[in-house]
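Enquirer: In the order they appear, the protein sequences are chains H and C.
Residue numbers for the first sequence follow the working numbering, so the first one is 4 and each next one is one higher.
Residue numbers for the second sequence follow the working numbering, so the first one is 4 and each next one is one higher.
Source of the hints: derived by calculation from the structure; they are not laboratory data.
Where chains are identical, the list cannot tell them apart; a pair therefore holds if satisfied intra-copy or between any two copies.
Pairs of lysine-lysine, DSSO-like flavour, derived with a Cα cap of 30 Å:
#, residue 1, residue 2
1, K111, K240
2, K177, K263
3, K177, K258
4, K142, K258
5, K111, K79
6, K95, K240
7, K258, K79
There are 2 protein chains.
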Amino acid sequence: MDYSSAAPSEVRRLIREGILTGQTSGMCAGYAQANLVILPRELAYDFLLFTQRNPRPCPVLEVSDVGSRSLRFLAKDADIARDFPRYRIYEKGILTGEYTDVSDFWRKDLVSFLIGCSFSFESELLEAGIPVRQIEEQKNVPMYNTSIPCEPAGIFHGNMVVSMRPIPYELVTKAVQVTAAMPRVHGAPVHIGSPEAIGITDISHPDYGDSVTIRPGEVPVFWPCGVTPQNVIMNTKPEFVITHAPGHMFISDVKNVNLKY
Amino acid sequence: MDYSSAAPSEVRRLIREGILTGQTSGMCAGYAQANLVILPRELAYDFLLFTQRNPRPCPVLEVSDVGSRSLRFLAKDADIARDFPRYRIYEKGILTGEYTDVSDFWRKDLVSFLIGCSFSFESELLEAGIPVRQIEEQKNVPMYNTSIPCEPAGIFHGNMVVSMRPIPYELVTKAVQVTAAMPRVHGAPVHIGSPEAIGITDISHPDYGDSVTIRPGEVPVFWPCGVTPQNVIMNTKPEFVITHAPGHMFISDVKNVNLKY
Numbered sequence: 004m005d006y007s008s009a010a011p012s013e014v015r016r017l018i019r020e021g022i023l024t025g026q027t028s029g030m031c032a033g034y035a036q037a038n039l040v041i042l043p044r045e046l047a048y049d050f051l052l053f054t055q056r057n058p059r060p061c062p063v064l065e066v067s068d069v070g071s072r073s074l075r076f077l078a079k080d081a082d083i084a085r086d087f088p089r090y091r092i093y094e095k096g097i098l099t100g101e102y103t104d105v106s107d108f109w110r111k112d113l114v115s116f117l118i119g120c121s122f123s124f125e126s127e128l129l130e131a132g133i134p135v136r137q138i139e140e141q142k143n144v145p146m147y148n149t150s151i152p153c154e155p156a157g158i159f160h161g162n163m164v165v166s167m168r169p170i171p172y173e174l175v176t177k178a179v180q181v182t183a184a185m186p187r188v189h190g191a192p193v194h195i196g197s198p199e200a201i202g203i204t205d206i207s208h209p210d211y212g213d214s215v216t217i218r219p220g221e222v223p224v225f226w227p228c229g230v231t232p233q234n235v236i237m238n239t240k241p242e243f244v245i246t247h248a249p250g251h252m253f254i255s256d257v258k259n260v261n262l263k264y
Numbered sequence: 004m005d006y007s008s009a010a011p012s013e014v015r016r017l018i019r020e021g022i023l024t025g026q027t028s029g030m031c032a033g034y035a036q037a038n039l040v041i042l043p044r045e046l047a048y049d050f051l052l053f054t055q056r057n058p059r060p061c062p063v064l065e066v067s068d069v070g071s072r073s074l075r076f077l078a079k080d081a082d083i084a085r086d087f088p089r090y091r092i093y094e095k096g097i098l099t100g101e102y103t104d105v106s107d108f109w110r111k112d113l114v115s116f117l118i119g120c121s122f123s124f125e126s127e128l129l130e131a132g133i134p135v136r137q138i139e140e141q142k143n144v145p146m147y148n149t150s151i152p153c154e155p156a157g158i159f160h161g162n163m164v165v166s167m168r169p170i171p172y173e174l175v176t177k178a179v180q181v182t183a184a185m186p187r188v189h190g191a192p193v194h195i196g197s198p199e200a201i202g203i204t205d206i207s208h209p210d211y212g213d214s215v216t217i218r219p220g221e222v223p224v225f226w227p228c229g230v231t232p233q234n235v236i237m238n239t240k241p242e243f244v245i246t247h248a249p250g251h252m253f254i255s256d257v258k259n260v261n262l263k264y
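One chain only, chain H, in its complex shape (with noise of 0.2 Å):
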């Protein structure tokens, strides 16, 4: 089933419901998509203080009020605890589950962070003749661990997570100009070319998501990735946090092109 031109409330709906529980790449051509962060207010400063030190993987679209399970910009509509097809739960940073619904954990000092997706610019990409390789072949998009730092705020440290996408040589100008032109959905690439330059040992074996092919004449490039705050929780290892399963994102009402500053 091709959810490429599907309305993101109907796709919000089926993942609702329990029928779509899988990757989002590719679903609702033009429209945001979005990475995901819940924390007890108590840790909400440091952690909106990270994102702001650190904009490139940690692009802020919305941020919840205190104990809300709804949004105000994303969607009209949306029930955080239900609308990603898939969550994680991390204690002192430890994976201890995933779920397609945390309603049964929801607490009331929990505050949401809503954080830009590079799925959001693949239609861009594909509209621009660039092709986009785990669209292809069905996968999640390969997610690598880096040696790249991010600026530290109160407890949260550690470093940036990327994605990956193999890009035909003579198109990775035009993959960057695309890109670099929407900065809320991580913009430009971090890198392009050598995986070990920023501390990836084996391209085949990604740390989230699947691995896809590269074909001779391609060059791997590589964006901020909004699982970066996952490795950092993993780092810092605070009591109680909830977030999306890598590739499994919220897709919002919003178009791209209306997440201009």
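Following the hints, position chain C against chain H.
Expert: Same frame as chain H, now just chain C:
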């Protein structure tokens, strides 16, 4: 004395020594200037959230660590309490004093927010052949309270403040293009043309700064302004806040061109 090509560190030294105490429009062409809001830590989350929800008037360039008077990004040798030409102190929403040095008021629980300033893009406007009236007339920029509501966050709510520059009709499009490319120092105008449409009743009496001449064939163009937090603070009446005096900015060591996302 013309400081347009002076080094930021030299101007900051003159400011710290009390030799320069005036407004900073036109100084250190090409370098980012910054607004200031200093708050107790207990208000910092609400204020940081206010800036996240209102990035046009409040594009945050740097947030200090709690209690620190130093910066890490905008300048390595800065003293936040002495390197602005003029400060304001607000107690319970009342402006209780202006100072050229706020060292004596420093507290260990203070957090400083440095917010992009539209003075930063004036050198780019001049470079593009667009006149900047208050620099020609050696005045502070005119700033106005408006009827444009900000998105509320926690205790903070209120209307946007704007700066105004009269632009010849045939250069308005170019002025939009030049400034839209610089979102971290307020970016594109928020309004072009009718002061009444955004709640400004008397263009010749700005709420902050100086009045400037609008010549025949020119249109008033309004940009979001980093004095917005001061208007919001007067509404919200927190116990204790330090800000810069409007137009009396911090001049950073970071070039505008390096403020890209």
